[in-house]
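Undergrad: Sequence:
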Amino acid sequence: MKKHHGNYFVGVPIRSEYSKQWFSKWKNFHKGVRLHHPDDLHVTLAFLGRNVNETKLNSIRKYLDEMNSFVVPQFFTLQKPHMWPNTQHPLGIGLEIGENFRLLQSIVFAHRDHLIKIVGKTEVEIAIPHVTIAQFPRANHPNYNECKQSIWQWYENKNGKSYIPGSDCRILLDEIALYTWAEGYPNYDKPHMPNFQIVHRKKLLVDRLCNSLHIHFKQHNLSPF
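Numbering of the sequence shown is given in UniProt numbering, commencing with residue 1 and proceeding in unit increments.
Errors might be hidden in some of the hints.
[Claimed, not checked] Listed next, with one range per pair, are the computed distances between beta-carbon atoms:
id, residue 1, residue 2, range
1, His-114, Asn-28, 22 to 28 Å
2, Tyr-185, Asn-53, 41 to 47 Å
3, Gly-6, Gly-160, 35 to 41 Å
4, Asn-86, Gly-120, 46 to 52 Å
5, Gly-120, Ser-167, 28 to 34 Å
6, Leu-103, Glu-183, 30 to 36 Å
7, Asn-145, Asn-68, 44 to 50 Å
[Unchecked claim] In silico DSBU-like cross-links for lysine-lysine, where the CA-CA straight-line distance does not exceed 35 Å:
id, residue 1, residue 2
8, Lys-56, Lys-158
9, Lys-121, Lys-202
10, Lys-56, Lys-121
11, Lys-158, Lys-121
12, Lys-148, Lys-158
13, Lys-121, Lys-203
14, Lys-80, Lys-31
15, Lys-148, Lys-25
16, Lys-148, Lys-56
17, Lys-202, Lys-190
18, Lys-148, Lys-62
19, Lys-56, Lys-20
20, Lys-20, Lys-190
21, Lys-117, Lys-31
Because the hints were derived from the structure by calculation, they are not lab data. Yeah, the Cβ is synthetic: ideal placement off N, Cα and C, and Gly gets one too.
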(Lines of atoms letter the chains of each structure in order from A and count residues from 1; the text may use other names and numbers.)
(Lines give C-alpha, C1' and ligand atoms only; values in the text may rest on other atoms or scores of the structure.)
Protein backbone atom coordinates (compact mmCIF):
# COMPACT_ATOMS: atom_id res chain seq x y z
CA MET A 1 0.00 0.00 0.00
CA LYS A 2 1.43 3.36 -1.03
CA LYS A 3 2.23 5.73 1.83
CA HIS A 4 2.58 9.47 1.36
CA HIS A 5 5.23 11.40 3.29
CA GLY A 6 3.96 14.99 3.17
CA ASN A 7 1.63 16.55 5.70
CA TYR A 8 -2.03 16.76 4.73
CA PHE A 9 -4.73 19.18 5.78
CA VAL A 10 -8.18 20.32 4.69
CA GLY A 11 -8.86 24.00 4.19
CA VAL A 12 -10.80 26.72 2.42
CA PRO A 13 -8.63 28.19 -0.38
CA ILE A 14 -8.19 31.94 -0.80
CA ARG A 15 -8.11 32.47 -4.54
CA SER A 16 -4.90 34.06 -5.80
CA GLU A 17 -6.95 36.71 -7.61
CA TYR A 18 -7.52 38.16 -4.14
CA SER A 19 -4.18 37.45 -2.51
CA LYS A 20 -1.96 38.71 -5.35
CA GLN A 21 -3.51 42.15 -4.89
CA TRP A 22 -2.87 42.04 -1.14
CA PHE A 23 0.78 41.03 -1.37
CA SER A 24 1.77 44.17 -3.24
CA LYS A 25 0.51 46.13 -0.22
CA TRP A 26 2.47 44.11 2.35
CA LYS A 27 5.81 45.77 1.71
CA ASN A 28 6.51 46.95 5.25
CA PHE A 29 7.75 43.55 6.43
CA HIS A 30 11.50 43.04 6.71
CA LYS A 31 12.81 41.17 3.67
CA GLY A 32 13.76 38.29 5.97
CA VAL A 33 10.10 37.66 6.81
CA ARG A 34 8.75 34.84 4.67
CA LEU A 35 5.32 35.77 3.35
CA HIS A 36 3.23 32.81 2.31
CA HIS A 37 2.90 32.44 -1.45
CA PRO A 38 -0.40 33.91 -2.77
CA ASP A 39 -1.48 30.42 -3.86
CA ASP A 40 -0.91 29.07 -0.32
CA LEU A 41 -3.38 31.27 1.58
CA HIS A 42 -6.23 29.30 3.12
CA VAL A 43 -8.40 28.84 6.20
CA THR A 44 -7.42 25.55 7.85
CA LEU A 45 -10.30 23.26 8.84
CA ALA A 46 -8.42 20.13 9.94
CA PHE A 47 -4.79 19.01 10.24
CA LEU A 48 -4.43 15.39 9.11
CA GLY A 49 -0.70 14.79 9.61
CA ARG A 50 1.60 12.49 7.66
CA ASN A 51 0.14 9.07 8.40
CA VAL A 52 -2.02 9.11 5.28
CA ASN A 53 -1.96 6.29 2.72
CA GLU A 54 -3.90 6.01 -0.53
CA THR A 55 -6.83 4.23 1.11
CA LYS A 56 -7.22 7.02 3.67
CA LEU A 57 -6.86 9.66 0.96
CA ASN A 58 -9.67 8.05 -1.02
CA SER A 59 -11.85 8.02 2.11
CA ILE A 60 -11.14 11.72 2.67
CA ARG A 61 -11.97 12.53 -0.96
CA LYS A 62 -15.22 10.59 -0.66
CA TYR A 63 -16.12 12.36 2.59
CA LEU A 64 -15.49 15.79 1.05
CA ASP A 65 -17.47 14.92 -2.08
CA GLU A 66 -20.47 13.99 0.07
CA MET A 67 -20.50 17.27 2.00
CA ASN A 68 -23.57 19.41 1.43
CA SER A 69 -23.29 22.41 -0.89
CA PHE A 70 -24.73 25.85 -0.22
CA VAL A 71 -27.98 26.82 -1.91
CA VAL A 72 -27.19 30.51 -1.31
CA PRO A 73 -23.72 32.00 -1.96
CA GLN A 74 -21.72 32.59 1.22
CA PHE A 75 -18.89 35.08 1.70
CA PHE A 76 -16.43 35.86 4.47
CA THR A 77 -14.10 38.74 5.25
CA LEU A 78 -10.77 39.21 7.03
CA GLN A 79 -10.22 41.67 9.84
CA LYS A 80 -7.66 42.39 12.59
CA PRO A 81 -4.19 40.74 12.75
CA HIS A 82 -3.80 37.43 14.56
CA MET A 83 -0.69 35.88 16.15
CA TRP A 84 -0.51 32.11 15.85
CA PRO A 85 -0.66 30.21 18.18
CA ASN A 86 -0.48 33.12 20.67
CA THR A 87 1.20 36.48 21.25
CA GLN A 88 3.60 35.11 23.89
CA HIS A 89 5.31 32.58 21.61
CA PRO A 90 4.19 33.40 18.06
CA LEU A 91 5.16 31.25 15.10
CA GLY A 92 3.09 32.98 12.46
CA ILE A 93 0.99 36.04 11.79
CA GLY A 94 -2.31 36.21 10.00
CA LEU A 95 -5.78 37.70 9.92
CA GLU A 96 -8.90 36.80 11.85
CA ILE A 97 -12.19 36.06 10.13
CA GLY A 98 -14.75 38.86 10.26
CA GLU A 99 -18.07 38.30 8.49
CA ASN A 100 -19.30 34.69 8.66
CA PHE A 101 -16.82 33.65 11.36
CA ARG A 102 -19.53 31.53 12.97
CA LEU A 103 -20.22 29.76 9.69
CA LEU A 104 -16.58 28.78 9.21
CA GLN A 105 -16.35 27.75 12.85
CA SER A 106 -19.44 25.57 12.47
CA ILE A 107 -17.87 23.86 9.44
CA VAL A 108 -14.79 23.08 11.56
CA PHE A 109 -16.94 21.68 14.38
CA ALA A 110 -19.10 19.64 11.99
CA HIS A 111 -16.33 17.98 9.97
CA ARG A 112 -12.97 18.15 11.74
CA ASP A 113 -13.48 15.14 14.03
CA HIS A 114 -14.73 12.99 11.15
CA LEU A 115 -11.72 13.90 9.01
CA ILE A 116 -9.08 13.22 11.64
CA LYS A 117 -10.84 9.97 12.58
CA ILE A 118 -10.37 8.76 9.00
CA VAL A 119 -6.59 9.08 9.32
CA GLY A 120 -6.51 7.71 12.87
CA LYS A 121 -5.24 10.95 14.32
CA THR A 122 -6.10 12.50 17.67
CA GLU A 123 -5.94 16.24 18.20
CA VAL A 124 -7.02 18.14 21.29
CA GLU A 125 -6.93 21.76 20.18
CA ILE A 126 -9.29 23.21 17.60
CA ALA A 127 -7.77 26.09 15.68
CA ILE A 128 -9.77 29.31 15.54
CA PRO A 129 -10.50 29.96 11.84
CA HIS A 130 -7.95 32.42 10.48
CA VAL A 131 -5.63 33.01 7.52
CA THR A 132 -1.86 32.85 8.12
CA ILE A 133 0.05 35.23 5.84
CA ALA A 134 3.63 35.00 7.15
CA GLN A 135 5.86 33.00 9.46
CA PHE A 136 8.32 34.18 12.06
CA PRO A 137 11.91 33.43 11.04
CA ARG A 138 13.98 30.91 12.96
CA ALA A 139 15.61 32.29 16.11
CA ASN A 140 19.06 31.85 14.55
CA HIS A 141 18.15 33.99 11.54
CA PRO A 142 20.82 36.73 11.16
CA ASN A 143 18.11 39.42 11.03
CA TYR A 144 15.74 37.81 13.52
CA ASN A 145 15.28 40.92 15.69
CA GLU A 146 14.61 43.18 12.70
CA CYS A 147 12.14 40.65 11.28
CA LYS A 148 10.37 40.33 14.61
CA GLN A 149 10.16 44.11 14.97
CA SER A 150 8.62 44.55 11.52
CA ILE A 151 6.03 41.87 12.28
CA TRP A 152 5.07 43.49 15.58
CA GLN A 153 4.81 46.89 13.91
CA TRP A 154 2.41 45.40 11.38
CA TYR A 155 0.47 43.59 14.11
CA GLU A 156 0.06 46.64 16.32
CA ASN A 157 -0.58 48.97 13.34
CA LYS A 158 0.08 52.08 15.40
CA ASN A 159 0.61 54.23 12.30
CA GLY A 160 -2.52 52.90 10.59
CA LYS A 161 -0.59 51.86 7.47
CA SER A 162 -0.81 48.07 7.83
CA TYR A 163 -3.00 46.80 5.01
CA ILE A 164 -5.91 44.60 6.04
CA PRO A 165 -8.44 43.57 3.35
CA GLY A 166 -11.34 44.29 5.70
CA SER A 167 -15.07 44.31 5.07
CA ASP A 168 -14.76 45.82 1.59
CA CYS A 169 -13.27 42.53 0.33
CA ARG A 170 -15.86 39.75 0.56
CA ILE A 171 -14.32 36.38 -0.24
CA LEU A 172 -16.55 33.79 -1.87
CA LEU A 173 -16.74 30.55 0.12
CA ASP A 174 -17.13 28.28 -2.88
CA GLU A 175 -14.93 25.24 -2.21
CA ILE A 176 -13.06 23.12 0.31
CA ALA A 177 -9.79 21.47 -0.63
CA LEU A 178 -7.43 18.71 0.46
CA TYR A 179 -3.83 19.98 0.60
CA THR A 180 -0.39 18.47 0.90
CA TRP A 181 3.17 19.75 0.60
CA ALA A 182 4.31 21.00 -2.78
CA GLU A 183 7.48 19.82 -4.47
CA GLY A 184 10.56 21.27 -2.80
CA TYR A 185 8.81 22.03 0.51
CA PRO A 186 9.89 24.10 2.35
CA ASN A 187 10.86 26.48 -0.46
CA TYR A 188 12.72 28.95 1.76
CA ASP A 189 15.13 29.91 -1.02
CA LYS A 190 12.44 30.09 -3.70
CA PRO A 191 9.80 32.60 -2.54
CA HIS A 192 8.18 32.50 -5.99
CA MET A 193 7.29 28.83 -5.43
CA PRO A 194 4.26 27.71 -3.37
CA ASN A 195 4.70 25.35 -0.42
CA PHE A 196 1.32 23.62 -0.71
CA GLN A 197 -0.59 21.92 -3.48
CA ILE A 198 -4.25 21.00 -3.73
CA VAL A 199 -4.88 17.33 -4.48
CA HIS A 200 -8.69 17.35 -4.30
CA ARG A 201 -11.43 19.99 -4.45
CA LYS A 202 -15.04 19.95 -3.33
CA LYS A 203 -17.38 22.61 -4.74
CA LEU A 204 -19.58 24.26 -2.15
CA LEU A 205 -21.87 25.89 -4.70
CA VAL A 206 -24.12 24.09 -7.15
CA ASP A 207 -23.12 24.64 -10.78
CA ARG A 208 -26.01 26.95 -11.64
CA LEU A 209 -25.03 29.30 -8.79
CA CYS A 210 -21.38 29.26 -9.86
CA ASN A 211 -22.35 30.11 -13.44
CA SER A 212 -24.71 32.89 -12.32
CA LEU A 213 -22.02 34.45 -10.13
CA HIS A 214 -19.42 34.30 -12.90
CA ILE A 215 -21.82 36.07 -15.28
CA HIS A 216 -22.77 38.68 -12.65
CA PHE A 217 -19.18 39.57 -11.76
CA LYS A 218 -18.15 39.67 -15.42
CA GLN A 219 -21.01 42.03 -16.32
CA HIS A 220 -20.11 44.36 -13.44
CA ASN A 221 -16.37 44.18 -14.06
CA LEU A 222 -15.77 42.64 -10.63
CA SER A 223 -13.15 40.03 -9.77
CA PRO A 224 -14.02 37.67 -6.93
CA PHE A 225 -12.31 34.72 -8.63
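Undergrad: Compare the structure with each hint and give your call.
TA: Comparing the hints with the structure gives:
no.	hint	verdict
1	His-114 <-> Asn-28: 22 to 28 Å	41 Å, violated
2	Tyr-185 <-> Asn-53: 41 to 47 Å	19 Å, violated
3	Gly-6 <-> Gly-160: 35 to 41 Å	40 Å, holds
4	Asn-86 <-> Gly-120: 46 to 52 Å	28 Å, violated
5	Gly-120 <-> Ser-167: 28 to 34 Å	40 Å, violated
6	Leu-103 <-> Glu-183: 30 to 36 Å	34 Å, holds
7	Asn-145 <-> Asn-68: 44 to 50 Å	49 Å, holds
8	Lys-56 <-> Lys-158	47 Å, violated
9	Lys-121 <-> Lys-202	22 Å, holds
10	Lys-56 <-> Lys-121	12 Å, holds
11	Lys-158 <-> Lys-121	41 Å, violated
12	Lys-148 <-> Lys-158	16 Å, holds
13	Lys-121 <-> Lys-203	25 Å, holds
14	Lys-80 <-> Lys-31	22 Å, holds
15	Lys-148 <-> Lys-25	19 Å, holds
16	Lys-148 <-> Lys-56	39 Å, violated
17	Lys-202 <-> Lys-190	29 Å, holds
18	Lys-148 <-> Lys-62	42 Å, violated
19	Lys-56 <-> Lys-20	33 Å, holds
20	Lys-20 <-> Lys-190	17 Å, holds
21	Lys-117 <-> Lys-31	40 Å, violated
Violated hints, in rising order: 1, 2, 4, 5, 8, 11, 16, 18, 21; the structure is consistent with all others.
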